[in-house]
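> What follows is the residue order along each chain.
Protein chains: 4
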Amino acid sequence: MNGETKLKAAVLGASGYTGAETVRLLSGHPRVDAVAATGNSLAGKRLSEIFPHLAGPTDLPVVKAENIDWSDIDVAFGCLPHGTSQDLIETLPHHVRVVDLSADYRLRDAALYASTYGRPHLNPARTADVKYGLSEWRGAELEGEPLVACPGCYPTASLLALLPIISLIDSDSIIIDAKSGVSGAGRGLKEGNLFSEAAEGAHAYGVGQHRHAPEIEQELNLQAGRSDIGVTFTPHLIPMTRGELVTCHVRGDVDQIQTALEAKYANAPFVTVLPLGSPPPDTRHVRGTNNCRIAVYPDRVKGRVIVIAVIDNLVKGSSGQAIQNLNLMMGWDETLGLSGLQALFP
Amino acid sequence: MNGETKLKAAVLGASGYTGAETVRLLSGHPRVDAVAATGNSLAGKRLSEIFPHLAGPTDLPVVKAENIDWSDIDVAFGCLPHGTSQDLIETLPHHVRVVDLSADYRLRDAALYASTYGRPHLNPARTADVKYGLSEWRGAELEGEPLVACPGCYPTASLLALLPIISLIDSDSIIIDAKSGVSGAGRGLKEGNLFSEAAEGAHAYGVGQHRHAPEIEQELNLQAGRSDIGVTFTPHLIPMTRGELVTCHVRGDVDQIQTALEAKYANAPFVTVLPLGSPPPDTRHVRGTNNCRIAVYPDRVKGRVIVIAVIDNLVKGSSGQAIQNLNLMMGWDETLGLSGLQALFP
Amino acid sequence: MNGETKLKAAVLGASGYTGAETVRLLSGHPRVDAVAATGNSLAGKRLSEIFPHLAGPTDLPVVKAENIDWSDIDVAFGCLPHGTSQDLIETLPHHVRVVDLSADYRLRDAALYASTYGRPHLNPARTADVKYGLSEWRGAELEGEPLVACPGCYPTASLLALLPIISLIDSDSIIIDAKSGVSGAGRGLKEGNLFSEAAEGAHAYGVGQHRHAPEIEQELNLQAGRSDIGVTFTPHLIPMTRGELVTCHVRGDVDQIQTALEAKYANAPFVTVLPLGSPPPDTRHVRGTNNCRIAVYPDRVKGRVIVIAVIDNLVKGSSGQAIQNLNLMMGWDETLGLSGLQALFP
Amino acid sequence: MNGETKLKAAVLGASGYTGAETVRLLSGHPRVDAVAATGNSLAGKRLSEIFPHLAGPTDLPVVKAENIDWSDIDVAFGCLPHGTSQDLIETLPHHVRVVDLSADYRLRDAALYASTYGRPHLNPARTADVKYGLSEWRGAELEGEPLVACPGCYPTASLLALLPIISLIDSDSIIIDAKSGVSGAGRGLKEGNLFSEAAEGAHAYGVGQHRHAPEIEQELNLQAGRSDIGVTFTPHLIPMTRGELVTCHVRGDVDQIQTALEAKYANAPFVTVLPLGSPPPDTRHVRGTNNCRIAVYPDRVKGRVIVIAVIDNLVKGSSGQAIQNLNLMMGWDETLGLSGLQALFP
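Chains as they are written, first to last, in our numbering: chain A, -1 to 344; chain B, -1 to 344; chain C, -1 to 344; chain D, -1 to 344.
The list treats identical chains as interchangeable, and a pair is accepted whether it falls inside one copy or across any two copies.
Derived DSSO-like pairs (lysine-lysine); straight-line CA-CA distance at most 27 Å:
1) Lys62 <-> Lys43
2) Lys4 <-> Lys129
3) Lys188 <-> Lys43
4) Lys62 <-> Lys188
5) Lys43 <-> Lys6
6) Lys4 <-> Lys43
7) Lys62 <-> Lys6
Just so you know, the hints here were simulated from the structure itself, not pulled from any lab data.
Go ahead and model the full structure; you've got the sequences and the hints to work with.
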């Protein structure tokens, strides 16, 4: 890469987990430098005071977003909560490409956004048009895009498993039972996320009403050319930090499903479809990587199939996929900065 | 209880977790004394050498089963692996009542037992007759029984949730997605149960072929007066020690389901049906107790309902229910020795 | 206990962990009923809404302290933060006995209190006089006391190990290296106590300046008849919820130390001195109980000895010892309400 | 590195954690390829069957050591248990450089080896001569060496903290209180390492007799030009997978100690001495990296100082330092293959 100019990136909301993870991953990217990190309440500190693991070459001062000189920035990673994210993104100058990790530009239908997230969208026309950055599905389409919306962590795992088979299964009986580590809840201070209350136990949450369900349905319907597919989506919080596992209960033929998944991801660098009969994939096997592993199992009840996918919610489920999307937006090899990541085990 | 003679109990297989838990719980029982503990490889040690938390009044020497003087024993708790359990139980003198925690007498159909557990049953006629001790469903029927088979941990939670509503739901689309702590795997030495390999991750196991599925189906069919109900049962191992959570995805009417569950368990001392709209039950809230908590949620997809149940796999899922069953066999108050247990939180 | 009137207890600060644990433990006490629970921000809720494991007979409405009718209360358990605790305790009518779990009445020297806790004491004369409730050391002295100060969790474990041997060891080279579970930090919302930041790691804190050191020194000096003993006290936060382990590095003779400890606690119901050569005590073996286990080891360096003590920080380290102290204040058997607690293992 | 020939490495004992970690780390090394992996009981499997996270380019067949064609191997990483390690290493042809991670060549005194490890050394003359590869202390001395012994995990952290200050402190009162994650115990199957028995608790082990103490003393004495320094070394097992923290209690002057540590490691790429007054280092901040962080604290007792060091036991404490040592043996930049590692947080 000698002689090439690197892109200059700003990470918006660097004091949260996805912000910190984006900074961490960018430090290994050959064509992008993280040069600015924003935060509100923590502005004035250095990133390494908030996240000591970012000491050294990855360290940056945290500044308020309004103090960034945007003329010097090529790309912004939006790691802010929904709402706050669009409030800032809509003010950015046009030359700044944006990879948004929030929910703000994922739903094409602004009315659905408003009912799901409890506030009207600032720019309904734009959200209707923004590309939904499930990297393996949009690929080259993302090249040149000014703004890409990164999928939620649950939709990433769920859609990677279900999109290739939506035409092969009974789309009216899809059940997604999901399990997530606590880092998925972010760095917000809630009793339920304290070690003493999250360790040694498990519970469902958002049962029947989680915000990721409409996002999953939007993409399944789009792929199926329908508008009425509804999914049951039941997430659970389990006592681990990173990792997400989705167990999809569907009806169809196990061999057709396996074949379709293998065909779709034959050349995908980050998605592995395990051979039939493999031991079930474990979130440990993808921890710290941008990988997704998918496996298919016949149920003992004829005609039912279980499709399981695992990801690291902070990498493929957010910051890693965001970088993969930037690579695609720039027309680069999609693995830049991500191919060297190895799962930490044990 | 002054003046009364206490029952003398032997715990068979006291060097495993359910054996140790049975000893622990019996120490608080007003009408039963644990007087003998068997073990093979550890015979000759004291229980407190294997399990230091059992030092003190609960301590016992571990002896080989063949060295027990059965004339002195009133009741035996079978805490052995399946197979080994029937091998011993079939040799016991008739005056010894048996509460078996293994799988050996749960399936009425000896052929199904053989295909599920990989060996023929020693006593097909007996297993066809033995009462299946899901305490809240057999209750007074257990009085006077010489042998009761305690349900598996997953069937306990699943059946408590599903039996009361089997006639109200589409019995051909039942999906049970279960999550268990690692103690459910017992004390056997396997790499996957090492801390370094079980912490910080999650995976499914036994997908489509877990041995608890036939047991669940047997009881659902019996209750429904059918023989062809099949269930999808997908268990997951998650990084906690105790606790089990089953998420049942069913089709039916949420209010009918809530009403049926409330009616069934209105007077059950150990089963609580949470009011509609409650936060989801957490395994922490029942840890160390014989309690089961059940909650019902409408799905966002019309006509689908999520029923969640949590138990402590080592108490209500095994040793606690075993004691509850002994109480019922003796015609005692079913809460004896169990009512004082309080969930340890945090 | 038939026919006897039970004491009526108020738990002040029931929305924290020591408050909840006090309510939980009192529910098994034969001569005390928890009848009131106070909380400020959570007043108006029921205790079971904050702590679902307290649903049922242990449930209580949370009220503001100013709304308690004290004429109806016999004893108050102070489970408030230091400072807040004395502010309330100093206003209570004289007939209310107080067991204070905070740090407010532990230090006899009000100047030391002020420098350690950053505020002047409201009642210096009183704190100079209040009995320091390390139960095994004050015992019958507590009978009839109107107010007893319960030791901190670290001082409890450290002093149980060191007080019996202070005259046998080099009192100028005592080093206490302590490890605590996260529940010791309480329910306060800090990033460092989030599951994602406390799991899978360990760190020291308060190095060279923890507030429990002056408390430990006060009692060691008192016992030794000196005033200049200083201790090195270095606590660590480790990824477990309950449990505290102190490793005391001292100089002395291992047999003398073992003998002194055994002699002191020969009849103590809650303190066990393990025989020389025992496997090291584990916090799991006392989890959920009021027990302390102590073990002594010769070092490979001649003349050095390691004394290890383990407790459950929320029981013997706070709420359990508080109840033990109330028993002593009332002249009752000190084990009332505590003898049935069994360690939860695994 | 284009055009250069890479070294070919064999990993001996690839079915344990340090073996797997060596394979993982080598996959990012620009001048070394892992081309062979040995194992006994698992020979015939692929590495990815044992460690699914090693699927892909890092995968290798596991073969018996006797089936390796050594003419094709440049370097061997010994990841075997002590004893087994020397049995194999002593048979290797001379052209094979060896980096041994076991304890077999760490102690110069074969008699001390025999008494510590319970068997005579095969090659006493060799062990007296082998370089002890604490990388930051041997550095260029390692260039050209045919065999280097990598320090144990505890000695690595302890010596990095103590060697630079041994002349500044009272060398007769050194106390090292250490805490380790469970992966330090390896992949061996013992009840105490099961998740259910290692989670939610802590205990000391090897008190007064751990095998790493002689190793620490050997190096301290060598550096101090003495032979009689003895250390108290008390390790603890805590419920995390990776990470090691040593708390060194010493007597000396805090400023002198800080200055000496800063001076020693001013140019060390992997060792960071935190400024005085920093928050205590956390094992999370070095997890997955070859880094060591050291911090110094004045005690409240005058003249006492606490020096804390944290490492990842599987990286700087074993496989990472092994690769650093190979780099030094080859005269390469010591950071090759290690500089890109980033701590995984949260």
